[in-house]
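Asks: Got chain L sorted already, so can you dock chain F with the ligands onto it with the hints?
First to last, the sequence lines map onto chains L and F.
Sequential numbering of the first sequence, starting at 1, is according to our numbering.
Sequential numbering of the second sequence, starting at 1, is according to our numbering.
Treat the hints with caution; some may be incorrect.
Unchecked claim - Calculated cross-link-like contacts (lysine-lysine; reagent style DSS-like; alpha-carbon spacing at most 25 Å):
| # | chain 1 | residue 1 | chain 2 | residue 2 |
| --- | --- | --- | --- | --- |
| 1 | F | 510 | L | 116 |
| 2 | F | 166 | L | 63 |
| 3 | L | 91 | F | 510 |
| 4 | L | 63 | F | 110 |
What the hints assert, rightly or not - Residues of chain F placed beyond 12 Å of chain L at every Cβ, according to the derived structure:
| # | residue |
| --- | --- |
| 5 | 62 |
| 6 | 80 |
| 7 | 105 |
| 8 | 173 |
| 9 | 342 |
| 10 | 349 |
| 11 | 437 |
| 12 | 462 |
| 13 | 485 |
| 14 | 491 |
| 15 | 504 |
| 16 | 507 |
| 17 | 510 |
| 18 | 532 |
| 19 | 540 |
| 20 | 568 |
Honestly, the hints are just simulated from the structure, not real lab data.
We put the beta carbon where it would ideally sit given N, CA and C, even for glycine.
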Amino acid sequence: MTDDVSRNEHLKEASRYLRGTIAEGLRDEVTGAIVEDDQQLVKFHGMYLQDDRDLRPERTRKKMEKAFGFMIRVRITGGCLSPAQWLALDKIARDYGNGGMRLTTRQTVQLHGVIKTNVKDTIKAIDAVLLNSIAACGDINRNVMCVVNPDQSRAHATAIEFARAATERFLPHTPAYREIWLDGERIAGGEPEDVVEPIYGKTYMPRKFKIGIAVPPSNDIDVYASDLGFIAILDDKGEIAGWNVTVGGGMGMTHGEPETYPRTADVMGYCSAADALDVAEAGVTVQRDWGDRKNRKHARFKYTVEDRGLDAVRAEVESRSGVKLEPAKPFTFTSNGDRFGWSAGTDGRGHLTLFVENGRVIDRPGKPQMSALREIARIHDGDFRITPNQNLIITSVPTDRQAEIERIARDAGLLAPWSGLRRNSMACVALPTCGLALAESERYLPDLIDALDKSLATHGLSADDIVIRMTGCPNGCARPYIAEIGLVGKGPGRYNLYLGAAFDGSRMSKLYMPDLDHDGIVAALDPIFAAYAAKRENGEHFGDFTIRAGFVAKTSNGADFHANSGPKQPSVAA
Amino acid sequence: MSSSFATIPKTAPFTEEDVALLNRVVGPASAVQRAWLAGFLAGVESVQGGAAQPSAPARPAEPITILYASESGNCEKLANDFAKSARKNGLKPTLLDMADLDMTALASAKKLVVIAATWGEGEPPARAVRSYGEFMGEGAPRLDGVEFGVLALGDTAYVEFCAIGKAIDARLEALGGKRVVTRVDCDLDFAEPATRWIGDAVKTLAPPQDEASRGSVIEVDFSKPARSPNTDIVEAEITELVNLNSSRSDKETVHLALTFDGGVPAYQPGDSLDVYAENDPVYVDELLKLAGLSGDAKLREDFIKSRDVTTLSYKAIETYATQTGHTYVKTLIDDGEAKQWIIGRQLIDLIAMFPTHLTAEHLHAVTRPLAPRAYSIASSRAEVSDEAHLLISAVRYVTNGRARKGVASNYVAERLKRGGRVRVKLKPNKHFALPAPDKDIIMVGPGTGVAPFRAFVQERRAVNASGKSWLFFGDRQFTHDFLYQLDWQEALADGALTRMDVAFSRDTPKKVYVQHKIWDQRHDLVAWLDGGASFYVCGDAMHMAKDVRGALVAAYADVKALTPEAAEQAVAGLERDKRYLTDTY
Ligand code: SRM
Ligand SMILES: Cc1cc2nc3c(=O)[nH]c(=O)nc-3n(C[C@H](O)[C@H](O)[C@H](O)COP(=O)(O)OP(=O)(O)OC[C@H]3O[C@@H](n4cnc5c(N)ncnc54)[C@H](O)[C@@H]3O)c2cc1C
Ligand SMILES: Cc1cc2nc3c(=O)[nH]c(=O)nc-3n(C[C@H](O)[C@H](O)[C@H](O)COP(=O)(O)O)c2cc1C
Ligand code: SF4
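This is chain L alone, in the form it adopts within the complex (with noise of 0.2 Å):
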């Protein structure tokens, strides 16, 4: 290999299939970490060493090291869990982690600060119940996203489907996750490679890698932010025929570092079902081997799709999978939130959305959330599914058993809020765990929905679906890039304000005011609450607003992005 490539290639690559000194790292008990290399490694087997930071100015006077303790994020196909494995999560949370479970915006659930020593024991126990976090984080195919849909339960089985087929395909082959977490026989040293990792070979992924299946008309799982999309293209029974393939989709960036940027996909064609799965793997290896192993800032997809030109990728695709696209057939999104409440599904079933602010699945007083759900997973006999805007659904209630469910529910306060705006929020998790928060996010967007809200009240838009995302970093974890209110963490207490996305998730919004502190924010969107209340025409979303009335220019594209920024003076005539 040669030198000039990142740090984290030479460590892939000596790494011995993702074993590095792992095991050995586990046996010191006296500190609570691993070293820097297998803290790059353990990634591939779904945690994060991490500290608390909101611990960290007490720990050095105490005589401690930092309060370490590793997140680990198990992984979910498409978000369903059986009501058994969600009451073994919940345990687990209990048993090992901070207490509480951590629904993601790609459909998990994260546990956060378990400590080294209680690492295998929580591994063997979601093991145990058929679940577990290999390649949840790392350079490689990550957790496959599914949309939700409930209510269009045949599609959602194909689609499923679809997805549990390329989570397996893409499944690294190494045993070291067996070896070290579950005590599995170390198989003796050596494996040829093709024979271990068949698809990644030594090096894995040049990053992360994310693959998204929506069914129009929702696209809940904003498959415009992953690298590798499926829009199911649906015959006239409802049932899937084939697929638009989209390429280059992500969010991360870095401030003041142009060259770094959000992108929104590109729809590269179509395919029949039957070849979904080889267009796929194509796609993986297409990256795998075109995407920049040098510069990890410029090593997703999303940025060979940008140099090489979206033809050269299609071309590539096509010759390594023998499959020809063809164009690209017509389909329409209608938005990438949640629809909340009761839902039909075709089984004569029905589906009850819940809304979990933030994702965050804990008791708290007066909301005892998790023991709620704790006691629905002991009735319920459908399933649970993990919305990728951070909320639960519990799928194919019988009729006989919904009211119960919906008053437990009800009483713990795990129904959708009133408020359009609250009802349309996501917030990464930022601190306290999150290493590399510059700013809060969980924790405080919920108190400037507050504020805003009673802007919105004043205004009479209280009931108004309006898209707010906010993350406590540029990384963009929870995609405020294609929320319509978009706030991205810039140093304690300041965040950028982005505005102008599209409220089905195609188009992405445009930095409108930097370094804003909490009343700069409320001040900066009152006026334009006011100004759409009185100018919006007819089912006109805020975010398309914002960018007609002339509050912000438009971006096209990843490319474009940082173009043109900043506040317009608005020429609402309009």
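Replies: Chain F with the ligands alone, transformed into the frame defined by chain L:
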């Protein structure tokens, strides 16, 4: 006795002032003192090789065995005092730590004095457990005619007040001994009654002297006096005071760094400091209010500074009953319910529950002087030079619906401040000292029990000892209660510590304690011990110390395939060799 005749004649070869001076000393001196002085002067001459003055022959001193069962050193110190005074009074004392007692030797004694403390809940001091067992068992020899006396040390706060002293006293009689001095049971303020008892006992046991000692000479032992470190009460300044537990912990363990204007007491690793605390003014005010004595400023001052206002002993209840004539309290005692009622209660409960007109005298009568609290020194002078560190866990709990706060630990945790001052006194403990630097050590110290081992590790680093060292630590949570974590990491890195195993009880559904880690590591552990390592245990006496010993016995049984009895013998052997040492509380 009057000794006027001893006046030094003016003709003596001294200046007037000197003669006066001498008279002031020699005049009132007792026969014994004069005899000693004679021997001393004679001795000085011979030592300095001057004209050898034939010193008058001493009458052969009678042997006496002074047996002590001590843990924190009080009885040991008193035993030494006894020996000194005995020597001065024509007795030939043999000091014997009960830990080293061998029954047959006991049988040969003609005169026997026992000074014994009670620990745990009415148990013998840790290192005396084995001999005590034998002494109480069938194996014990007859002691017909042996003249004996017992001094018991204890704490009226405990139900089993002076249980061990009492038991030994009764046992000696049962074995045929002849009690010539009646037993005295001392509370924590033992100094004065103990000295008095020693005086009486020596008088009774010593050979009649008045006649004999006249003109006689007591031989003085000139072997160089063991120069003992300063064990007076000294004032220290607090240079560091930090709660080592995380702000998320429900525990509070204070690391205290002290400096001394008059120079740090010459402590050794393993020693402790007695801390002289003050009571919580809030508590005292509440107490005085209940007693209807709020107005009395002098009483308040006295109670805050120098009375034990929390402990409620059975004795105190009796006194309360007799002094106030409170009928309910009387019946409580008469119905034999008092002993049960006391449990978990304090003086304040008594007054709150049985209010009556109280005077300052009453209150004084039901309290005792405030005793200091011992804290293991957590540093080595070799590393911190003129400092001494302590590790103090704030004792807080609720009993009978009342929140309680340990007096000394909360005095430190809540009222002492950085830059403030505190009174302390060195409490040496030569029974918990490091072995030679080339010997291996195994240290078991969960919670504050780890304190002395920080001193051990610092000391071994300073002398860069070649022996290996292995520490077992435990507490509640790894993240929030890992005391001195960075220090241990540093020690492991620089080799001052060879190995460390930790046990945290609240990190998993299954509670893990140090004894479990000991069991897990039993093979290496026994190997270390076979290699001559010393095994140290410090901390909780109630459970931990017993469980750890149990685990070690089990380890021997398992590793060496021994019967439980044989394994027990193996550990008892370590104790006899002073390689299993404990400092528990
Ligand atoms: C939990 C979650 C946010 C949430 O509130 O739900 C999350 C949390 C973190 N993300 Fe993310 N990301 C999460 C979805 C996303 C998404 C959304 C998506 O994929 O649809 C994105 C934007 C899409 C993309 O990938 O571009 C995202 C882009 C990032 C990035 C930037 C990646 C880039 O190439 O630009 C980082 C930083 C990095 O990888 O270097 C990151 C890194 C992180 C880390 C692991 C911080 C770190 O690297 O130390 C965060 C852990 C915080 C914590 O304490 O839990 N996370 N992260 C989401 C978990 C998803 C899952 O279950 O797999
Ligand atoms: C040789 C030696 C070394 C020691 N070293 C240390 C050390 O390094 N660090 C340290 O912190 N301590 C150490 N101790 C213990 C210390 O001396 C004190 O006993 C301890 O700090 C409590 O003193 P206090 O005045 O705060 O509490 P006190 O006012 O003396 O109250 C303690 C009493 O409260 C009662 N009590 C305590 N907890 C409970 C409960 N949960 N339920 C009911 N009743 C309860 C018991 O009767 C106990 O005796 C040592 C003791 C000895 C003898
Ligand atoms: C942990 C502990 C337990 C004790 N248990 C008792 C007891 O049960 N009965 C008693 O009378 N005294 C008890 N005492 C008081 C001691 O006997 C007293 O402090 C004595 O002076 C110690 O003497 P030593 O220093 O020679 O060991 C206990 C003291 C401590 C620190
Ligand atoms: S967006 Fe930034 S702060 Fe928020 S979770 Fe992702 S990496 Fe952390």
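Asks: If a hint holds in the structure, say so; if it does not, say that too.
Replies: Hint-by-hint comparison with the structure:
no. : hint            : result
1   : F:510 <-> L:116 : holds (16 Å)
2   : F:166 <-> L:63  : violated (46 Å)
3   : L:91 <-> F:510  : holds (14 Å)
4   : L:63 <-> F:110  : violated (57 Å)
5   : 62              : holds (57 Å)
6   : 80              : holds (39 Å)
7   : 105             : holds (47 Å)
8   : 173             : holds (54 Å)
9   : 342             : holds (38 Å)
10  : 349             : holds (34 Å)
11  : 437             : holds (24 Å)
12  : 462             : holds (19 Å)
13  : 485             : violated (5 Å)
14  : 491             : violated (10 Å)
15  : 504             : violated (8 Å)
16  : 507             : violated (6 Å)
17  : 510             : violated (10 Å)
18  : 532             : holds (26 Å)
19  : 540             : holds (21 Å)
20  : 568             : holds (30 Å)
In the structure shown, a violation is registered for the earlier hints numbered 2, 4, 13, 14, 15, 16, 17, in ascending order.
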